[in-house]
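The primary structure of each chain is shown beneath.
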Amino acid sequence: MVRKMTSVLAMVSIIALLSGCWDRREINDVAFVMATAYDKDEEGYRVSFQFPLVGQLGSPGGGGGGTSGGKSWYMDSATGSTIREADDHQQQSLPRELYFGHRRVLIFGEELARDNIATVTDISARLPENRLTALAVVAKGQGRDILNAESTVERIPSEMIRELVIQTMGRPITIKMMIDNLKSDGVDLMLPAIKLAKTEPGSAGKAESSIKLVNFAVFRGDRLSGFLDEELTQGLLISSGYVRGPYITVNPPEGKEGRMTVRLVEIEQQITPLSTTPPYTYELSIRARGGVAENQSDFNLSHASHLVQVERVLNDRITTMVEKALEELKRLKSDPLGFGDALYRKHPDIWHEIRHDWHEDFYSNIQVKVNSDIHIEYPGSLIFPTRKGVSQ
Amino acid sequence: MRNKAKAGKPASTELYKESNWPDALQANLSESLEENCEVLKEAFRSCYDVVFREVIHERTEAILVYIEGIVQSQLLDNHLLRPLLIDLAAESQSKPTLDSLEKETITLSKISRTSKMREAVEGILSGNAVLLLDGFAEGFVLEVKGGIRRSVEEPTTEAVIRGPREGFNESIQTNTSLIRFKIKSPRLKTELFTIGAETQTSVVLTYMEGIANAKVVEEARKRLSKIDIDSVLESGYIEEMIEDQPFSPFPQLQYSERPDTVAGQLLEGRFAIFVDGTPFVLTGPVTFWQFLQASEDYYERFLISTFIRWLRFMFMFIALFLPALYVATTTFHQDMLPTSLILSIAAARETIPFPAVVEVLILEISFEALREAGIRLPKTLGQAVSIVGALVIGQAAVEAGIVSAPMVIIVALTGIASFTIPRFNMAIAIRMLRFPLLILAAVYGLFGIIIGTLLIALHLVQLKSFGVPYMSGIAPLREKELKDILTRAPWWRMIFRPRSFIGRNWKRGKRPNY
Numbered sequence: 001m002v003r004k005m006t007s008v009l010a011m012v013s014i015i016a017l018l019s020g021c022w023d024r025r026e027i028n029d030v031a032f033v034m035a036t037a038y039d040k041d042e043e044g045y046r047v048s049f050q051f052p053l054v055g056q057l058g059s060p061g062g063g064g065g066g067t068s069g070g071k072s073w074y075m076d077s078a079t080g081s082t083i084r085e086a087d088d089h090q091q092q093s094l095p096r097e098l099y100f101g102h103r104r105v106l107i108f109g110e111e112l113a114r115d116n117i118a119t120v121t122d123i124s125a126r127l128p129e130n131r132l133t134a135l136a137v138v139a140k141g142q143g144r145d146i147l148n149a150e151s152t153v154e155r156i157p158s159e160m161i162r163e164l165v166i167q168t169m170g171r172p173i174t175i176k177m178m179i180d181n182l183k184s185d186g187v188d189l190m191l192p193a194i195k196l197a198k199t200e201p202g203s204a205g206k207a208e209s210s211i212k213l214v215n216f217a218v219f220r221g222d223r224l225s226g227f228l229d230e231e232l233t234q235g236l237l238i239s240s241g242y243v244r245g246p247y248i249t250v251n252p253p254e255g256k257e258g259r260m261t262v263r264l265v266e267i268e269q270q271i272t273p274l275s276t277t278p279p280y281t282y283e284l285s286i287r288a289r290g291g292v293a294e295n296q297s298d299f300n301l302s303h304a305s306h307l308v309q310v311e312r313v314l315n316d317r318i319t320t321m322v323e324k325a326l327e328e329l330k331r332l333k334s335d336p337l338g339f340g341d342a343l344y345r346k347h348p349d350i351w352h353e354i355r356h357d358w359h360e361d362f363y364s365n366i367q368v369k370v371n372s373d374i375h376i377e378y379p380g381s382l383i384f385p386t387r388k389g390v391s392q
Numbered sequence: 393m394r395n396k397a398k399a400g401k402p403a404s405t406e407l408y409k410e411s412n413w414p415d416a417l418q419a420n421l422s423e424s425l426e427e428n429c430e431v432l433k434e435a436f437r438s439c440y441d442v443v444f445r446e447v448i449h450e451r452t453e454a455i456l457v458y459i460e461g462i463v464q465s466q467l468l469d470n471h472l473l474r475p476l477l478i479d480l481a482a483e484s485q486s487k488p489t490l491d492s493l494e495k496e497t498i499t500l501s502k503i504s505r506t507s508k509m510r511e512a513v514e515g516i517l518s519g520n521a522v523l524l525l526d527g528f529a530e531g532f533v534l535e536v537k538g539g540i541r542r543s544v545e546e547p548t549t550e551a552v553i554r555g556p557r558e559g560f561n562e563s564i565q566t567n568t569s570l571i572r573f574k575i576k577s578p579r580l581k582t583e584l585f586t587i588g589a590e591t592q593t594s595v596v597l598t599y600m601e602g603i604a605n606a607k608v609v610e611e612a613r614k615r616l617s618k619i620d621i622d623s624v625l626e627s628g629y630i631e632e633m634i635e636d637q638p639f640s641p642f643p644q645l646q647y648s649e650r651p652d653t654v655a656g657q658l659l660e661g662r663f664a665i666f667v668d669g670t671p672f673v674l675t676g677p678v679t680f681w682q683f684l685q686a687s688e689d690y691y692e693r694f695l696i697s698t699f700i701r702w703l704r705f706m707f708m709f710i711a712l713f714l715p716a717l718y719v720a721t722t723t724f725h726q727d728m729l730p731t732s733l734i735l736s737i738a739a740a741r742e743t744i745p746f747p748a749v750v751e752v753l754i755l756e757i758s759f760e761a762l763r764e765a766g767i768r769l770p771k772t773l774g775q776a777v778s779i780v781g782a783l784v785i786g787q788a789a790v791e792a793g794i795v796s797a798p799m800v801i802i803v804a805l806t807g808i809a810s811f812t813i814p815r816f817n818m819a820i821a822i823r824m825l826r827f828p829l830l831i832l833a834a835v836y837g838l839f840g841i842i843i844g845t846l847l848i849a850l851h852l853v854q855l856k857s858f859g860v861p862y863m864s865g866i867a868p869l870r871e872k873e874l875k876d877i878l879t880r881a882p883w884w885r886m887i888f889r890p891r892s893f894i895g896r897n898w899k900r901g902k903r904p905n906y
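As you go down the protein sequences, you meet chains D and W in turn. Going by my numbering, the first residue of the first sequence is number 1, and it counts up by one from there. Going by my numbering, the first residue of the second sequence is number 393, and it counts up by one from there.
In short, the hints are calculated from the structure, not lab data. Worth double-checking, as some hints may not be accurate.
Said to hold, decoys possible - Pulled from the structure, derived: some chain D residues nowhere near chain W, Cβ distances all over 12 Å:
1) 55
2) 89
3) 101
4) 118
5) 122
6) 126
7) 130
8) 152
9) 159
10) 174
11) 229
12) 250
13) 251
14) 270
15) 302
Unchecked claim - Covered by chain D, according to a simulated footprint, are these stretches of chain W (three or more residues, beta-carbon under 8 Å):
16) 448–460
17) 728–737
We put the CB at the ideal spot given by N, CA and C, even for glycine.
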């Protein structure tokens with residue numbers, strides 16, 4: 001018995017020596033950073049933090065819903081020559097330990113993104129505390145300003161950014177995907193772009209600051225090369241296969257009056273290199289299923305042959321959208337769809353010869369044949385348009 | 393280890409007994425009734441409840457000695473005094489002999505003769521009557537044990553929805569007979585031991601011959617006969633004296649108040665130990681798994697029993713680990729919890745002045761205290777305790793900001809979980825082990841929990857109960873026994889008894905062919 005006790009005691013004391021993890025931290029002493037924004041600064045970087053004030057979140061029994069008027073989150077920023085240094089400077093004015101284990105959004109300011117985005121991601125991959133599943137977005141203007149926006153819908157503005165991104169992209173781009181992307185050549189980075197907006201409550205209400213996700217930022221290597229406007233973004237998203245259930249509004253076939261909107265689901269996209277000598281040609285095929293979401297025209301959808309007509313109109317529309325987006329991407333010399341990568345996968349030897357000159361010499365000259373194949377599966381539960389006087 | 397130490401004092405029980413008995417009581421009975429009478433009167437000096445009844449008529453002079461209250465005096469009146477005083481006086485002409493009295497006159501079913509004064513005294517003390525006759529150096533010990541005993545009632549500690557409502561009581565005769573009612577087989581053996589120098593308690597070792605492993609029974613017999621103690625007031629005394637590892641928190645003998653449970657254990661090849669004066673019967677050898685099985689499992693439909701058994705497994709883990717996991721994840725591994733959950737926990741904890749581990753200890757200990765108070769209090773006050781507990785701890789403590797609401801949920805869930813373990817002694821072992829795990833979690837986080845779990849697992853796999861590994865069925869693995877551990881197989885699939893206990897005769901029966 002005594003021997004056994006001694007051995008158990010020995011084991012326990014060895015554990016004490018081995019572990020050295022006396023890093024217990026109570027929740028009360030931790031600031032759960034939900035979002036950080038990175039901007040350029042004379043010193044190097046300006047890092048802004050946002051974390052919820054848990055006391056204001058309405059604790060059961062305790063505070064009783066929080067005092068009115070008080071914000072439920074806290075935002076501050078600090079500068080430093082590295083990100084960690086900025087963190088450290090920030091920590092000096094915070095009574096709670098900054099904790100990045102729950103950070104879900106990283107915002108890159110426009111200026112920083114134009115300069116170099118890769119250096120900032122180093123810390124995310126280096127410290128295990130940082131979540132690689134956090135989402136990355138680019139801010140139009142200062143990233144710091146985004147974190148100041150009000151968010152009455154979600155408890156914390158960063159949650160709003162996250163939800164916005166998830167809603168637009170079925171598969172949002174995480175830090176991990178972003179780092180993968182930066183490290184591989186042949187495909188360039190694209191990130192959702194957000195900007196400050198105002199709510200529009202009308203004359204009776206008070207406009208508040210809000211966040212809006214509009215465009216996409218496209219990169220060349222680790223530098224931001226430009227933003228795509230709303231229509232081009234739609235084309236980019238559809239051709240990249242990232243988009244989640246986009247609505248596309250078209251004019252009805254046969255020159256009828258009004259407009260109709262179709263919702264696409266399950267979009268598949270494939271890039272096939274066709275030629276082995278410059279100018280490189282590709283086939284970009286897009287396949288999707290969809291349904292009619294709204295029909296304001298007097299076009300009758302009751303026959304299967306009519307749906308085929310709608311499909312034809314849609315295919316034309318999507319082809320135009322994608323081609324426009326591709327023109328803009330070529331102009332910006334950014335290749336987020338990975339035409340270079342497609343070439344590398346099919347003809348690695350050719351790629352190795354031209355990879356250094358890809359953006360400058362070859363990418364702007366590629367020719368892409370867009371091949372859209374949309375299948376409208378259901379005209380909606382309402383077969384006949386509600387508009388009066390339409391022949392059945 | 394324990395048995396070796398005991399083996400150094402051979403037959404110490406006898407030595408102790410004899411040295412304490414006066415010489416006069418060690419002697420043989422004398423032929424003179426007067427002498428015997430004097431010895432007995434001296435022995436029972438200052439005992440108002442000892443009755444000396446003189447039986448005197450022409451041809452016989454006798455004395456009947458018994459203790460009032462623990463004999464059935466009606467039996468004595470009808471079957472001893474009446475024949476002696478009336479029939480004998482009327483009929484026979486010659487002086488009666490011991491033989492003629494035993495065979496013709498006394499109409500009691502169980503009597504024995506003794507020539508030792510000591511046996512006479514022991515007989516009187518254990519509730520028999522002693523009849524001594526003048527002119528004979530022998531006397532009768534008349535089996536008239538009686539007295540007031542509780543009737544067979546529904547067991548309170550092991551309630552079932554479906555199942556027999558009878559439970560053991562404090563009389564060993566009733567208890568063994570309850571088993572006899574269930575198992576009508578000559579294989580059922582009952583061996584009597586008398587343990588306790590002062591209490592002289594009857595202890596009966598019961599087993600099914602040919603089903604129980606002879607080695608295990610022999611070991612139990614050996615351990616029982618080596619017990620050296622002055623008193624046995626409850627089967628807990630016996631349990632502590634014969635278990636393999638007294639320092640283990642895990643029970644190594646099961647106790648039950650239910651005859652059906654004990655009968656079931658006997659039929660699986662286990663032995664049972666009945667102790668006079670307690671309704672709790674010990675069974676062994678035990679395995680870990682049987683503490684998670686209720687007798688009702690075997691009466692309810694097997695699918696339902698299997699589901700409930702899994703529920704118990706799950707909640708046993710909750711009872712053991714939940715507070716430790718809560719402390720470990722919230723103070724060391726915040727990143728393991730979903731963001732919205734950690735934020736609500738943080739919001740609830742905002743005003744709490746204590747670290748999480750102190751908070752959980754406050755609540756856990758008050759919960760244990762409430763439970764203990766609820767048991768010890770008279771039933772009429774029990775309700776007051778639960779109200780105080782629910783209001784003060786559940787509501788007021790949270791509102792006062794002493795503990796947080798999530799912690800109350802954790803502790804309440806843990807408490808409920810510990811009640812799902814059907815055996816109280818296992819439940820309390822689990823409850824006790826929760827605290828070291830909690831401390832380990834508070835100091836080392838999940839790492840500590842893993843270390844604690846490993847230590848418990850190591851202890852469990854090396855633990856043995858009467859030579860049978862505690863984790864039998866799983867470790868060592870016996871696939872055929874799994875069907876009554878991980879599931880409750882239907883009776884027609886459980887055609888073999890668990891082989892961990894027995895060597896032969898393991899077939900139970902088969903499914904009828906319709």
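Each hint tested on the structure:
With a closest Cβ-Cβ approach of about 4 Å to chain W, residue 55 of chain D is found to fall inside the 12 Å limit, against its non-interface label. With a least CB separation of 23 Å from chain W, residue 89 of chain D remains clear of the 12 Å interface cut-off, as annotated. The Cβ of residue 101 of chain D does not lie farther than 12 Å from every Cβ of chain W; its closest approach is about 3 Å, which violates its non-interface assignment. Consistency note on residue 118 of chain D: stated as away from chain W, and its beta-carbon is indeed over 12 Å from all of that chain's, at 25 Å minimum.
Every CB of chain W lies more than 12 Å from the CB of residue 122 of chain D, the least distance being 20 Å, so the non-interface label holds. Every beta carbon of chain W lies more than 12 Å from that of residue 126 of chain D, the smallest distance being close to 16 Å; the non-interface claim holds. Residue 130 of chain D, annotated as away from the interface, has a beta carbon of chain W within 12 Å; the closest lies near 10 Å. Listed as outside the interface, residue 152 of chain D is consistent with that label: its C-beta sits roughly 18 Å from the nearest C-beta of chain W, beyond the 12 Å cut-off.
Residue-level check failed: residue 159 of chain D sits 9 Å from the nearest beta carbon of chain W, not beyond 12 Å. The non-interface label for residue 174 of chain D is consistent with chain W: the shortest C-beta to C-beta separation is roughly 15 Å, beyond 12 Å. Distance check on residue 229 of chain D: its Cβ is at least 33 Å (rounded) from any Cβ of chain W, clearing the 12 Å threshold; non-interface status holds. The Cβ of residue 250 of chain D lies farther than 12 Å from every Cβ of chain W, with a closest approach of about 40 Å, so its non-interface assignment holds.
Its beta-carbon lying about 44 Å from the closest one in chain W, residue 251 of chain D satisfies the requirement of being farther than 12 Å from that chain. Residue placement check: residue 270 of chain D keeps its beta carbon more than 12 Å from all beta carbons of chain W (closest about 36 Å). The beta carbon of residue 302 of chain D sits about 47 Å from the closest Cβ of chain W, which is more than 12 Å, so the claim that it is off the interface holds. Against chain D, the region 448–460 of chain W contributes 0 residues with a C-beta closer than 8 Å to a partner C-beta. That does not satisfy the three-residue criterion, and the hint is violated.
Interface restraint, the region 728–737 of chain W with chain D: holds (5 residues with C-beta to C-beta distance below 8 Å; minimum three).
Consistency with the previously given hints fails for numbers 1, 3, 7, 9, 16, ordered from lowest to highest.
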